[in-house]
Every structure is written in C-alpha cells, then in structure tokens.
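**Student:** Taken in order, these protein sequences are the chains called A and B.
Quick note on my numbering: the first sequence kicks off at 3 and runs consecutively.
Quick note on my numbering: the second sequence kicks off at 9 and runs consecutively.
These are calculated hints, taken from the structure and not from any lab test.
Computed from a predicted structure; not experimentally measured.
Positions of the beta carbon are idealized from the N, C-alpha and C atoms, including for glycine.
A portion of the hints provided could be inaccurate.
Now the in silico label distances, taken between C-beta atoms and shown as ranges [said to hold, decoys possible]: (1) Gln-10/B <-> Glu-280/A: 38 to 44 angstroms; (2) Val-267/A <-> Ala-198/B: 16 to 22 angstroms; (3) Arg-106/A <-> Trp-40/B: 42 to 48 angstroms; (4) Asp-278/B <-> Lys-162/A: 35 to 41 angstroms; (5) Asp-112/B <-> Lys-159/A: 33 to 39 angstroms.
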Amino acid sequence: MNEQDLKKMIEQLVSKMVTGESTPVDTIPQVTNYVEQQVNYQPTNVDDGQYIEDITQTDLQKQFLVKDARNKEAYLDMKSKTPARLGLGKAGARYNTISMLRVRADHAAAQDAVFTDVSEEFIKKNNFVFVQTLCKDKDEYLTRPDLGRRFAADTAKVIKSVYPNSPKVILMVGDGLSSSAIEANVENMLPAIKQGLQGYGIETGEVLFVKYARVGAMDDVGEITDADVICMLVGERPGLVTAESMSAYIAYKPKLGIAEAKRTVISNIHKGGTTAVEAGAHTAELIKKMLEKKASGIDLK
Amino acid sequence: MQDEVTRIIQDDVNERIFDEFKNFTVAEFREWILSEDTTGAMISRASRGITSEIVAAVTKLMSNMDLIYGARKIRVIKHCNTTIGKAGTLSARLQPNHPTDDPDGILASVLEGLTFGIGDALIGLNPVDDTTDSVVRVLKRFEEIKQKFEIPTQICVLAHVNTQVDAIKKGAPTDLIFQSIAGSEKGNTAFGFDAKTLEEARQLVLKEGTAEGPNVMYFETGQGSELSSEAHADTDQLTMEARCYGFAKRFDPFIVNTVVGFIGPEYLYDGRQVSRAGLEDHFMGKLTGISMGVDACYTNHMKADQNSIEDLSVLLTAAGCNYFMGIPHGDDVMLNYQSTGYHETAALREMFNLTSIEPFHKWLVKMGFVDEYGRLTNRAGDASLLF
Chain A
3 MNEQDLKKMI EQLVSKMVTG ESTPVDTIPQ VTNYVEQQVN YQPTNVDDGQ
53 YIEDITQTDL QKQFLVKDAR NKEAYLDMKS KTPARLGLGK AGARYNTISM
103 LRVRADHAAA QDAVFTDVSE EFIKKNNFVF VQTLCKDKDE YLTRPDLGRR
153 FAADTAKVIK SVYPNSPKVI LMVGDGLSSS AIEANVENML PAIKQGLQGY
203 GIETGEVLFV KYARVGAMDD VGEITDADVI CMLVGERPGL VTAESMSAYI
253 AYKPKLGIAE AKRTVISNIH KGGTTAVEAG AHTAELIKKM LEKKASGIDL
303 K
Chain B
9 MQDEVTRIIQ DDVNERIFDE FKNFTVAEFR EWILSEDTTG AMISRASRGI
59 TSEIVAAVTK LMSNMDLIYG ARKIRVIKHC NTTIGKAGTL SARLQPNHPT
109 DDPDGILASV LEGLTFGIGD ALIGLNPVDD TTDSVVRVLK RFEEIKQKFE
159 IPTQICVLAH VNTQVDAIKK GAPTDLIFQS IAGSEKGNTA FGFDAKTLEE
209 ARQLVLKEGT AEGPNVMYFE TGQGSELSSE AHADTDQLTM EARCYGFAKR
259 FDPFIVNTVV GFIGPEYLYD GRQVSRAGLE DHFMGKLTGI SMGVDACYTN
309 HMKADQNSIE DLSVLLTAAG CNYFMGIPHG DDVMLNYQST GYHETAALRE
359 MFNLTSIEPF HKWLVKMGFV DEYGRLTNRA GDASLLF
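Start from the sequences and build out the full structure, keeping to the hints where you can.
**Tutor:** If you want it as structure tokens, here you go:
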C-alpha cells in the first residue's frame, strides 16, 4: 500500500463517518497493518545514490564560475598558474553560493586540524613514547606558546630514561598546529628517515611523541638528553589550501635559547608539496651532514 | 631605557598645543573628542600635541561605537600618485600573493582584482623570495601593467626595506617603500632597521622612485609584535601599537595598516577580540594623524571565521577606514591566513555609497567594470577582458 492508497482509504473512512455510514469492518485491519509497517520500517539501503556531493573534492583550479567570460580557455590556463581562488564570478557584489560554502568547508578542515588531537590509536600503533608539555589543554597550548616549549620535572625523567646515554640522534613528533598533518605524513616520513640513516650506519632509538608541542620543545629535549642531533616533525599552522602541511626542524645540540637561525627547516611537507618520502630521505642526509660538521642551520653552509 | 621611538614621539609633540590639553583628564579628553563642538580638523590639530601613550589611554576608555564615532570625524588625506582618504571613498590594496612568486600566477590575481575595482590604494605583493633580483622582476612587471592599462595607482613590493633600496639602486620602479614597524627601538632592531634606515630609504625613493609624492612610505603594524621579540618593556600591547603610529608619523606615510588578527590567539584570542583591536587600531591611527587602513584578518588557530571579519569590515567602513586588503576570496595562499576579498570592498562601497579614489574610479568606468556610482557591472570579475 502506498501513501496515495492510504490517503484514499482515510478519505473514504472520514467521508463515511461524516455522512453517518458505518465503517466497513474489513478496512480497519488494513489500516492498522499499514501503520504498524510504517512504524517498524527499517531502511535497508540508504546508499541509493541520493547523497550530497562533497564540495571539497572539486579541483578549484578547474572550477570556473564567470558568466559569459570573454575567453574561458585562456582564463583557465591562467588559473592553473596559481592556487588563488580566481574565476569565481559573482552574485551582485557577493560570492556565488558554491564558493562561499567551499571557503566554509575548507576553513572547517583547517580548524579541525588545529583543535582536534592526534588520536591515541595513532600514537599506540606507531609505538611512540608519549609525553606532554606543560600545557594542560588545547586552549592553554594556543594562548601560552612558552608552556608548549617546556616539560615538567617528572616528564623530563621519563624522557631521560628513554634516552639515557646522550644519543647521537633523537627523532620526535609534535602535534604543533595541525594534528591532521601528523596523521597524514608521519607514517611515510619516519620510515624514510630511518632507512636513510641506516644506510649511513646511524642508529636511532625510540620515537618521542609530544602533545601540545611548539618547535622549542626540541630544545628542552636537548637539555634533558644532550643528544647530538634532534629532528622534530611538527604540524604547521594550516591554511585553506591544505590543512595537512608538516615541517621538519633539525638542529645540532639544541639547547634552551638556541637562535632560530641555527635550526634547519624543511617545510611544506604534504602530498601537494614536498612528499613525506622525499622529505624523509633529505632529512636523513641533513642529519648525517650535521653529525659530521657538528653544526646546523646557517652554520651548516 | 634609551629608545629612539620614544625620542621621536616626544620630539614631534607641539608644546603649544600640548599646553592646551595638559590639564585634561583622559576622561575629559574622551568627551572632548566625542563632543558635537569638536570637529575633525580640531582633532587633527590636537594630534600634534599628544603622545602615543595618551592616544592609547583614551582608546581604552572608548566603547566600540565610541571608536567608530570618533574615528569617523577624522579625515587623513595623503597623496602619492593619487589621493587617499577623501570623504566618499573606500580604497583597497590589491594583494596578489603567490606561494612561489610565479609571475603569471601573480598577474592572474592582479588582473582579476582590477576588474573588481581593487588596487586604488596600491598593488602590493608580499614576496616569498626577499632577494633583490626577484623584487626588481616583480616591480618591473607591476610597472608594465600600470603603464599598459594606464592605471592611476601605486605599486610596491613588500620586501625588507634594505632589499627595496637595493632594488631601486638597480633601477627598479617603485612608488612606495614598505616596512613592518614596531613600537620600540628594540622591536625595530629585531626587524632589522632603525629610523635612520627609513629616512635614507625615504630620501632615496623621493629622488629615484616613480611616485609624484610627497607621501611615499607604507607601514604595517599589529598588536603583539613587540612581545614576540621581547621588545615591549613590560608595556601593554595597545600602548605599544599606538607607539608604532607615533613613530610612523615622523615619515609622513601614504598608508599604514594594522594586520590585526595575523599573529595569533596568544595576542588576540578570538573574533571578538580581533574586532575590538581592529576598531582600536583604526581609531588610534586616525587620532595620531596617519592615513589608516586595516587588514581585517584571522589565522586558522584562532576562534574566528570569515563572518568575523566581514562584520569588522562593515564596522570599519562606518568608521571611515581608508582601505582594506583585496585577496581572492580573502584566502592568502602564500601567508596562509584569511583577510578581506575583492568582493568585500565592492559590496562595502555599494552599501555605503562610496567609490574608489577618483582617477581610479574614472578608469574603472572607462573600462566598464563599474557604473558612475561605483557599482560593479556584469563585466566585473572577468579578467579575460584584460588579456
């Protein structure tokens, strides 16, 4: 029985009640039966092709919204030279709906990258040694960069127990400003670094994971362990084009108060920039060079 | 503590004007600014008799609407190739940034921006590559576009002041010299310059730049930058910001803008604070007597969104702000932050009955991108009309 049949039946019932006719007995079980069916209805297959398209899957460089453009071909060619949001057209002096929604969606992804944590599962799966800076929560992390660079005394003990004998190299991961960047790149990058280092005969120990970490956290790890070289992978502040960009900061004997210029940085590590595998090989090479020259950053040149 | 910024602010105070106000309390000064008997011209005169500390103090006693009401009275008009700040105008800097400074990619943003009426304040790039050769290359490209389409505006590349000086010496055409500035000598040292550097650059661009002048400097500021370089001498960020403007005034700049939400939540926590700071900075700039614009912006680790700065841009337009940034859909793909887009300035002009700077407006009408009232036509937004 479909909706129309039901409607028809109810109309009949109502008209009969209004006109004083008695309800035909055989209709009542039919109605009861149908209502029960509807109440107990369980959708068996919701994936009937009626989903809303994910607008973030559209390649913006190929999207073109200018009405009656003089030269669409040349315009698209020009658009291919920049990730800037061009060729948007307009609705009055405002954006078209799809553009406005896309900025919102991309912004949501960027905010998620900052405000969510790297999952515990990810940390466990990779056998990282988990520690946390002095920050209590995300809010304190965002408003107090100084606390994101230091560890409490008992955390320092944990770190020292993992690296007791001034190791040559420490590899560490910090969430920084993008958890998405860490989850997207670290599992490709770390093996590439380790493999590269093994090729040079350089061993690495366990990998440290630091929650609520600023780049300066590596300096405190340097103080605690007296490692020769520390390489820290950290999530960059996300933009709208990608929320998954990661950086590698590498320094020779980093200590509190080290000049920023003494860090060597590989930035823009994501699938649309420098790939994690490529960056990993490069990082291994840099670490080897730093160990040889006993220097990093501007001193390395 | 020795500080040349303090020295400059103090030395530039007109003692006679100061004497007229020296017995005011800050509360009385606030009421004087807001009074129906006080005109914009009177406030501009008072500007020459007060220090940045007083500018900051009275700002702290202003509500948001006070800041709008007070700033709206004050017109600061400056001339480079064109004249910015006149009543009835709202200007925009075209900011065509690109992650690798690709010349064609930059050009794409410039051309489309022009069709939306953006770029009357300035066409100005933040370069990735701060080398002289790169800056020379971009400036030459901008000059070509300016000449080819006969656009009445200003051009500039926002490299370090020393790089721009080298570029001019190598024959690069520039109308303005840019520098990020701080409210203390130590902060400026961290940025790699001092007052002498700026004055030498100013003299050079007056002599060898492409602009008519006399206003040939462009500065950017932003609350909190001094603390980043531990150069705030335990002073609050509002006072330090006011001191940037006091320092800037010495060089009689064409334009100055605060990049209000750029540094992050450790200085301005959320959209509400960015909004407040944008209104404060604009008011303080005008009260100091400089040509003030605002980069109404936010980063993605701040609790703010595009609505926050759309709101702020409406408030600032009501306050008589000289200019905003114009970036494709507000998304800066090089600096990774969000600001106002081409569409924002266009909509604000339409809603507040404003146009771009007059010669630029006439150029837009001639090209058919706006009508005589400054409203976008159906040709606006089609960069291929300029190919």
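**Student:** Given a hint of 35 to 41 angstroms, does the C-beta separation of Asp-278/B and Lys-162/A actually sit inside it?
**Tutor:** Given about 38 angstroms between the Cβ atoms, the range holds.
**Student:** Arg-106/A and Trp-40/B, beta-carbon distance inside 42 to 48 angstroms?
**Tutor:** holds (44 angstroms)
**Student:** Could you tell me whether the CB distance from Asp-112/B to Lys-159/A stays inside 33 to 39 angstroms?
**Tutor:** Given a distance of about 56 angstroms, which is not inside 33 to 39 angstroms, the answer is violated.
**Student:** Within 16 to 22 angstroms or not, the Cβ separation of Val-267/A and Ala-198/B?
**Tutor:** Since the Cβ atoms of Val-267/A and Ala-198/B sit about 19 angstroms apart, the hinted range of 16 to 22 angstroms holds.
**Student:** Measuring from beta carbon to beta carbon, are Gln-10/B and Glu-280/A in 38 to 44 angstroms?
**Tutor:** violated (49 angstroms)
Of the numbered hints listed earlier, those contradicted by the structure are 1, 5.
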